[in-house]
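From first to last, the protein sequence lines are chains E and X.
In terms of the numbering used here, the first sequence has 117 at position 54, counting the first letter as 1, and numbering is strictly consecutive.
In terms of the numbering used here, the second sequence has 113 at position 107, counting the first letter as 1, and numbering is strictly consecutive.
None of these hints come from the bench; they were simulated from the model.
A portion of the hints provided could be inaccurate.
What the hints assert, rightly or not - Between beta-carbon pairs, the in silico distance windows are: (1) X:Ser32 x E:Ala79: 44 to 54 Å; (2) E:Met150 x X:Pro448: 54 to 64 Å; (3) E:Thr187 x X:Gly65: 20 to 30 Å; (4) E:Val143 x X:Ser12: 40 to 50 Å.
Claimed, not checked - Derived list of chain X stretches under chain E, where covered just means 3 residues or more per stretch with a C-beta under 8 Å from a C-beta of chain E: (5) 67-80; (6) 153-159; (7) 376-390; (8) 465-479.
Using N, Cα and C, we set each Cβ at its ideal position, and we do this for glycine too.
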Amino acid sequence: MTGAQAVPGALLTGAAGWLFVIFAVLALGMAIAVVVARNPIHSALFLLSSFLLVACIFILQQAEFVGAVQILVYAGGIMVLFLFVIMLVHQRGVRERLTFQHQWDVALLFVLAFLLPFLYVLWTERFPDLPQNLDAFRTVRGKIAGNTQAVAWVLYRDYLLPFEVASVFLLVAMIGAVVLGKRSAEKVD
Amino acid sequence: MKVSASDWLLLSPELFLTAAGLLILSISAFFDKAKEEFLAFLTLLFVGVAIGLVAFLSGYGGRGAPIFAGMFIVDNFAIFFKLLMLVSIALTVLASIQFVGRAPYPAGDYYALLLFTGVGMLFMVSGNNLVSIYVALELMALSSYILAGYFKLEIKSTEAALKYFVLGAFSSGVLLYGLSLVYGIAGRMGLPDLAKLFESQAKSNLLLVGILLILAGLLFKIAAVPFHVWTPDVYEGSPTPVTAFFSVGPKLAAYAILARIFYVGFPKFHADWGLIIALVSAATMVFGNVAALLQTNVKRMLAYSSIAHAGYALMGVLGFRTEFGLWGILVYLLAYTFMNFGVFALVVFLETKGYAAESVADFNGLARRNMTAAVVMLVFLLSLAGIPPTAGFIGKYYLFTSAMKAGYAWLAVLAVLMSALSLFYYFRIAAAMFFSEAEGAPLKSSYALTAAVLICAAATVIVGVAPQPFVEMLRACVIKAP
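Looking at chain E on its own, in the form it has when it is part of the complex (with noise of 0.2 Å):
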């Protein structure tokens, strides 16, 4: 059996199928809709649908806690910069313009050339069978919990590296933040 039939059994089947399909064509619908939309604000608001159609998915692999990061995350705090950014641009008198969009055949050429190969590389790949048993996903120390504790069980020991790494990195953002948004008069002595 080639790939393109081999769609995650345990998970996906009867009616669990049927909704990631729905959602998973409407989220590439709407991604397709933050690139040909006109209006920045409308560009936006595909964008959150596309978010919130992604989180759905995560919720029907029953990753709960990805669903509910990709809501508070994406949906929540990055859309709210990008309509930040939208607002401060449009006070400035910059409307509805086609700013990205005069490349349509470059474009078209480049995405169809990673397109295919893409395409082609998953239809003929044999991808392993994922574990029938989903409670691999959801126990800790050998009782059955929820997803969120054993993301965290996994998160805070194993990666707990990575984790600590994680926080120096976002101190960066704020120094750089800081560093690169106060007013420079201020500081020329």
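With chain E's structure known, arrange chain X on it following the hints.
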């Protein structure tokens, strides 16, 4: 996961450097512009202690096994890179003192960011798991973007930061996509675990796509063709001491991790990635050298020259399962760090007037304005061109031999031809220094910058004249291919 005292000891340079960065950051508020030099010397002291810690670990018996649930490994390979990277940070501090002191920007944040870049690089070369490698790489990259744009009143600096950031974020996306494909197929992230799994598996096209994307993401960081387009603009626009740092520090980390990921994680596919790296290497050295010939701006010329050197260095990764292994690239990077930093440090020296106006004509008559600077510059240029008895010659000799032994004789021949071509543009600077009329008064350098340049020059000459002890030491630092 159990963490023993020995594990903390192995992690001590990284922990110390993080604490040092935080300390510099928090006390910098109490120093006004006139007293900021103290912060620089404090930074230098901290980097010195970190070097001491790493040097201590090189003799420590507990090294070599993965710790922190397989996330982190301190082997000889990592120790060599950590030492070299810490030295490059120390040199950057020395080259920055006057340059940053003159500018209307707070120096404390600058040195703190430099230390955090160092933290990212140290974690990166010790990464033994795709997640820990990626997080450390991002820490290094983010700090670099800020450093590139640190002189924010200069339009070129802001432009450099923006270009670096946008293209860097894009390449991180490519890298991350590759990592996610590999994880999707393997279901694990530890490099040795990946190798063990793939040993018993048939080759899969999707996995090769993942490996290819990882390679592309890393080649961006070392500025290899066709992922080099950001380099000239970023090198030209960044504050020059930062440019000097970019041309060695983050690149060292990227070479190290490229070698580690492919040697430890994907040894089974070496025929595939080896061929791609060889082709990229050829394209990079040809393009870098030809483009450098056409430049009149020294910073851009040196940017293309370091692209060309990335092409040479990639040859050193090809010696998989030959008796050379990574030996060539280690010897070469030892030489490259000092000669390339030195040449940029001299550009810092000449940049007393404006921010970024360094044409080749600025070197006119340097011999009459400051004989020492001209002679030292000549040493660096000879070394970059690979002429004996300099470190650059030794480095290239080992690289070319490594490529020959790996069966890439055509690549070695191409590299020799390209090295000959590079003489043209290196000697344009040399000719300007010695045979042109001097413009302007004699130049004097600050003590710190002089120290940085002389350290680089001494290392370039010593490694070139008496390479044997260094070369032998580096033989013990290679990663053994399984």
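query = Hints broken by the structure, by number, lowest first?
reply = 3, 7 and 8
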